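Asks: The lines below spell out each chain.
There are 2 protein chains.
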Amino acid sequence: MSAGCVIGVDLGGTKLLAGVVDADLNVHHRVFRHAREGKGPDQLLDVLVAAVEEAREAADGEVRAVGFGVPSLVDPATGVANTTVHLPLRDVPLKDVMAERLGVPVAVDNDANAAMVAEHRHGAAVGASCAALLTLGTGIGGGIVADGRVVRGAHGGAGEWGHMVIAADGPLCTCGNRGCLEMLVSGTALGRAAAEAAVALPDSGFGRALAAGRSITGMLATELAHDGDPVARDVVASIGHYLGVGIGNVVNILNPEVVVVGGGVIAAGELLLAPARKVVAERALAPSRDQVRIVPTRFGDASGMIGAAVLAMDLVA
Amino acid sequence: MSAGCVIGVDLGGTKLLAGVVDADLNVHHRVFRHAREGKGPDQLLDVLVAAVEEAREAADGEVRAVGFGVPSLVDPATGVANTTVHLPLRDVPLKDVMAERLGVPVAVDNDANAAMVAEHRHGAAVGASCAALLTLGTGIGGGIVADGRVVRGAHGGAGEWGHMVIAADGPLCTCGNRGCLEMLVSGTALGRAAAEAAVALPDSGFGRALAAGRSITGMLATELAHDGDPVARDVVASIGHYLGVGIGNVVNILNPEVVVVGGGVIAAGELLLAPARKVVAERALAPSRDQVRIVPTRFGDASGMIGAAVLAMDLVA
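Protein sequences, first through last, are from chains A and B.
Sequential numbering from 1 applies to the first sequence in the working numbering.
Sequential numbering from 318 applies to the second sequence in the working numbering.
Think of the hints as simulated: they come from the structure by calculation, not from any bench.
What you are looking at is a predicted structure, and each value in this text was computed from that prediction instead of being measured.
Quick reminder that beta carbons are idealized off the backbone N, C-alpha and C, glycines included.
Do not rely on the hints blindly, as some may be mistaken.
Stated by the list, open to error - Stretches of chain A that chain B covers, calculated by requiring three or more beta carbons in the stretch to come under 8 Å of a beta carbon on chain B:
no., region
1, 172-178
2, 238-248
3, 253-264
Let the hints inform the model, and build the full structure from the sequences given.
Replies: And the structure:
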């Protein structure tokens, strides 16, 4: 490997993915961790350092910089993680702390902004003047590109599509709001819908899995749906329906050329996106609804990690 | 008046406001029309020309350019009004047609983008890197500023906050979608809520107005609310509540420094904005919710007209 490699780290609400990435965006070593091994801020920082060090030892050449995508509002000027719903990162000066502990330049951005950077510069949104990204995982992360640039907002808080209310009097969200898109469309929502189906329909694939002692998760729903299980397909499609309502809002608000959908839930592929596209075609404004492409991430579940690596490369370019 | 004046025209869903505007943004002559005098596209264009000519005759000096804000998606490259929910402007090449008929350079933009330009360059959002505007009238228009520039989207369709769904299974909107913010928060929504109160509560101010043969409108609701009528205040506050849900979404999506609220309904002032701010404080994400100012337009109901004039000035600057 050339001397030009960097490490990208995507810290999700439950999972951590790190990788050694070269200048051609080839990923050479992947490291997985459970994010929740770190219960407090200090333990979480230790998990991050350990993951980076494991990747660095596996790398053939020098690691020139490290980028982190974190599920938090990140102040772009200071690299401070201000708030996060899912992890203990409140007011942590992540950029400075990690630069000191790792001894290399460090970039920090919101995980979904990092994914947006990867997809806009090298992936499914290349060339778009206006684009949006939604990553469906434990929660929903989001990114925005307008006039060719990632929109971070006044203080790094832009792009939180997951906390866009689509049901004003709907269920209480972890953020304190009601009826957020994240409550209806994330991987957590998919797992919840699957678990309800398992109880309500004991003869279904979900019901049999439950009886066999399996965990009823969003991943199981995706797996059964791909196998043709009709109940699982309905559950995935119902998530796709509300995803379509959310993307319809994105279309009306931004008039993007492309909406990119990533995160673990995109493993469902067209079983998720086809119902979403149908809702957008029916409900969003013309001609914006006819001009938008709704596509999966090019980098699959690795967009955030690769985007974090791209941000790290920018530091040493 | 100097030779440098222009005419700005704000075409709303029901009203048209034109004005002769000088370089210091002083408005010298105002012309009002009912937009719906023009039933088809040709009649509507005649109404626009007549309004401009009336203003031009009243102007002391030469009118160097004319700007139009229209309640339509406008392609920024061509000045074609693509689609409108409220008026017959579908696929009308407004910029070219008006330039030919008026004999001066013509600027055309979405009415709410025009208002956003006025408020960002000279009004309540001066200096903001990231801002949003909602104009509450017959419908809801919207504008976005990111990184200091008005965001128009891929084809001029950005900023349609009025057609952001906040009640996924809510009432059918004129656009074909369900539960759009416009169905719950526009002047039309305010008038509808007032009319329902008039019937339900015959002893209320609304009920007495109805018995006296008055039209129960949003404007009456605002008037009674300012007079201290408790039912009218509740009606305005309930609109303010859903406005707050909508602005909470704006805050989570854009992390703006300021959200500017205009249109006819802003005549209710703090009776509308105080309940909206309360909802944003309770439901939007920290720290974005604490960083945002929620304020009325500086130019009141004239933001769109003045913004159209500013766009016209840009043509001859």
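Asks: If a hint holds in the structure, say so; if it doesn't, say that too.
Replies: Do the hints match the structure? See the list:
1. With a cut-off of 8 Å between beta carbons, the region 172-178 of chain A has 4 residues touching chain B; three or more are needed, and the interface restraint holds.
2. Only when three residues or more bring their CB closer than 8 Å to a CB of chain B does the claim for the region 238-248 of chain A stand; here the count is 3, and the claim holds.
3. Counting residues of the region 253-264 of chain A whose beta-carbon sits less than 8 Å from any beta-carbon of chain B gives 5, enough to reach three: the coverage restraint holds.
The structure is consistent with each of the numbered hints, conforming to all of them.
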